[in-house]
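Student: Each chain, letter by letter, is given below.
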Amino acid sequence: MTVVSRRAFLRTSGLGLGLGVLGGCAPAVRGDFLPRRGPRVVVVGGGWGGATAAKYVKLGDPGIEVILLEPNRRFVSCPMSNLVLSGVRTLESLTRGYGGLRAHGVRILHREASAIEPDRKRVRVDEGYLEYDRLVVAPGIEFQTEQVEGLAAAGDRVLHAWKAGPQTVALARELQAVRDGGVVVLSIPPPAFRCPPGPYERACQVAWYLKRQKPRAKLIVLDASPNIISKTGLFRAAWRAYPNLEYRPSNRVVRVDPDAREVTTDFGDRLRYDVVNLIPPQRAGTIAVRADLVGADGRWCEVNHVTYESVKHAGIHVVGDSTIGLPVPKSGTMANAMGKICAHQVVRLLAGRPPEPMAPVNVCYSWVNDVEAMAVINAYRIQNGKVVQVEQKLTPGQSAASGRNALAWARSIWDDVLA
Amino acid sequence: MTSSHRALAGPAACVLGLVAVLGLVAPAATPAGPRDPGYTKVFACSACHGRDGASRSDTVPVLAGMPAWYLKKAIEDYAAGRRPAAEMEPYAKMVLGLGVDDVAAYFAARPKAPTPIAPDPAAVERGGTAAQPCVACHGAEGKGDRSKGAPDLTGQPPGYLLNQMLLFKADTRSPGDPALTAQKALLKAIPDPQLADIAAWWASRR
Chain A
1 MTVVSRRAFL RTSGLGLGLG VLGGCAPAVR GDFLPRRGPR VVVVGGGWGG ATAAKYVKLG
61 DPGIEVILLE PNRRFVSCPM SNLVLSGVRT LESLTRGYGG LRAHGVRILH REASAIEPDR
121 KRVRVDEGYL EYDRLVVAPG IEFQTEQVEG LAAAGDRVLH AWKAGPQTVA LARELQAVRD
181 GGVVVLSIPP PAFRCPPGPY ERACQVAWYL KRQKPRAKLI VLDASPNIIS KTGLFRAAWR
241 AYPNLEYRPS NRVVRVDPDA REVTTDFGDR LRYDVVNLIP PQRAGTIAVR ADLVGADGRW
301 CEVNHVTYES VKHAGIHVVG DSTIGLPVPK SGTMANAMGK ICAHQVVRLL AGRPPEPMAP
361 VNVCYSWVND VEAMAVINAY RIQNGKVVQV EQKLTPGQSA ASGRNALAWA RSIWDDVLA
Chain B
1 MTSSHRALAG PAACVLGLVA VLGLVAPAAT PAGPRDPGYT KVFACSACHG RDGASRSDTV
61 PVLAGMPAWY LKKAIEDYAA GRRPAAEMEP YAKMVLGLGV DDVAAYFAAR PKAPTPIAPD
121 PAAVERGGTA AQPCVACHGA EGKGDRSKGA PDLTGQPPGY LLNQMLLFKA DTRSPGDPAL
181 TAQKALLKAI PDPQLADIAA WWASRR
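Line order of the protein sequences matches chains A and B. So the first sequence is residues 1 to 419, counted in my numbering. So the second sequence is residues 1 to 206, counted in my numbering.
I should point out that these hints are in silico values taken from the structure, not numbers from a laboratory. As the structure is a computational prediction, the values presented were derived from the model and not from experiment. A couple of the hints might just be wrong.
Said to hold, decoys possible - Over 12 Å on every C-beta distance to chain B, these chain A residues come out as not near it, computed from the model:
(1) R73
(2) Q176
(3) V183
(4) Y242
(5) R272
(6) V289
(7) G315
(8) L326
Stated by the list, open to error - Selected chain A positions facing chain B (Cβ under 7 Å, derived; list incomplete):
(9) A375
(10) S412
(11) D416
For glycine and all other residues, C-beta sits at the position ideal for the given N, C-alpha and C.
Produce the complete structure using the sequences and hints provided.
Tutor: Printed below as a string of structure tokens:
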């Protein structure tokens with residue numbers, strides 16, 4: 001990640017003189033720190049769904065003030081980040097700034113929203129607050145570390161690398177350092193989780209890397225599910241190239257001991273590792289839980305399928321991986337689609353117009369080695385106010401052509417989210 | 001396009017110019033916005049093709065400025081499986097359901113945005129000669145000919161153009177279509193590296 005100096009940040013943040021102080025190590029804000037100038041939409045979270053929503057509200061009605069709260073200075077793409085583990089790509093190549101959103105007139109505060117007050121239509125930031133007319137919450141996922149004994153205490157000694165960033169680079173380094181003949185363990189949680197094909201793509205990338213660089217090393221995949229949950233046949237076919245990959249379905253990891261370098265499954269089986277990548281069970285981002293946007297399961301946010309408005313709190317919309325109930329995957333493409341549709345409905349609702357039913361679309365590419373990929377494509381429609389899937393197609397197999405399409409998709413959709 | 005511009009040279013062009021200056025004629029490219037009936041319908045397209053159809057990627061075609069008749073034909077061909085593509089078929093069916101005319105009109109009204117991908121100059125140079133067989137249908141400048149069903153090739157990404165030629169060559173695009181038999185025979189006689197040169201040539205044209 002490029003280090004952005006405070007001076008450079010203030011110069012480019014586009015926050016204006018009065019807001020420049022809110023960046024970086026600015027003092028805590030108090031009170032109504034940004035009085036409203038007109039209709040306002042606040043977006044919490046600048047990932048795939050939130051950044052898209054912020055941009056498309058501005059495109060839909062430039063007269064609406066849009067404020068995006070995102071603590072990170074730069075956007076790092078989770079899609080494609082498994083290629084960092086295999087050394088095919090750098091994390092920097094998946095990293096982009098938020099300048100494009102500013103050019104659309106989105107005001108970006110690199111601050112964390114700490115709470116939401118639905119009754120007062122305010123978002124808390126430090127000791128202050130921002131008022132909104134409509135709020136879009138896109139907090140992504142958080143890990144349920146408490147579900148795996150020893151995981152919370154393990155800290156960075158047990159990596160998830162499931163939010164692209166420093167852990168992705170750290171896991172790549174651990175793979176580079178593993179001894180030839182070593183054992184790498186990849187643990188897949190029970191659904192629902194971000195990017196259903198992601199763990200299986202990761203298995204491909206790790207196995208591809210080990211096969212070339214550590215031919216005597218082995219990858220053991222412990223999957224809580226009884227089978228591969230996405231692109232099943234395609235991954236089975238891809239894995240034929242990886243005799244160093246051992247897949248153990250219905251093996252949920254319930255305990256990790258980083259001192260003994262050992263994981264334990266729900267059957268009580270113990271497995272020693274040289275490198276472990278434990279993808280923890282997941283739920284919606286913390287602010288969604290704190291704001292009582294999650295359902296009875298305490299994990300995910302149920303929304304109206306047309307407007308993405310929370311079924312629990314009026315005026316608050318939720319998009320992206322933190323939603324549940326739609327027959328869609330937690331994917332970047334889907335978050336982007338939800339962001340666009342939600343933005344359109346927000347603009348209409350603020351103008352006093354009824355929402356316009358629109359169905360999302362999805363495409364997910366998975367890389368099976370350094371050049372070949374495969375894809376699943378989903379089409380939907382709205383039926384009786386609900387999203388229903390009308391078609392799912394898979395590429396016939398893995399191919400370099402799909403790999404080229406995957407690169408093209410990434411470049412295009414990053415622009416659709418951010419440029 | 002070029003020929004129609006030439007036809008407008010002289011007094012007619014002057015009159016049209018005056019009318020435009022006086023604001024009596026709407027600009028050809030209307031701004032993309034929520035009032036356009038295609039605005040929300042292209043949400044399904046924008047993730048890959050760009051919001052205005054100005055693809056910056058090598059294998060994704062530029063839709064900005066594409067004549068409506070050709071985009072409509074492409075969508076119908078993808079939906080019917082005449083252009084087999086897992087990545088397009090479900091979307092094409094969706095676009096048919098949403099209203100392909102609005103989507104086609106939306107992209108046709110956007111300013112043409114040639115691919116930013118600059119092909120290898122040596123390939124472009126070789127391609128200029130190799131591309132001569134294309135002009136019979138696509139026109140001397142590659143701008144296409146609706147009467148022959150031939151699209152504008154200029155400014156499309158080289159990767160996309162090459163892929164399409166390879167699909168025609170393998171008879172997996174519009175398989176068995178008698179209208180394309182001669183063109184496919186022509187492509188089969190051209191080695192793949194030369195097809196890449198041809199793609200580079202048309203990608204470089206404006």
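Student: Taking the earlier hints as the rules, which of them does this structure contradict?
Tutor: The structure breaks none of the hints.
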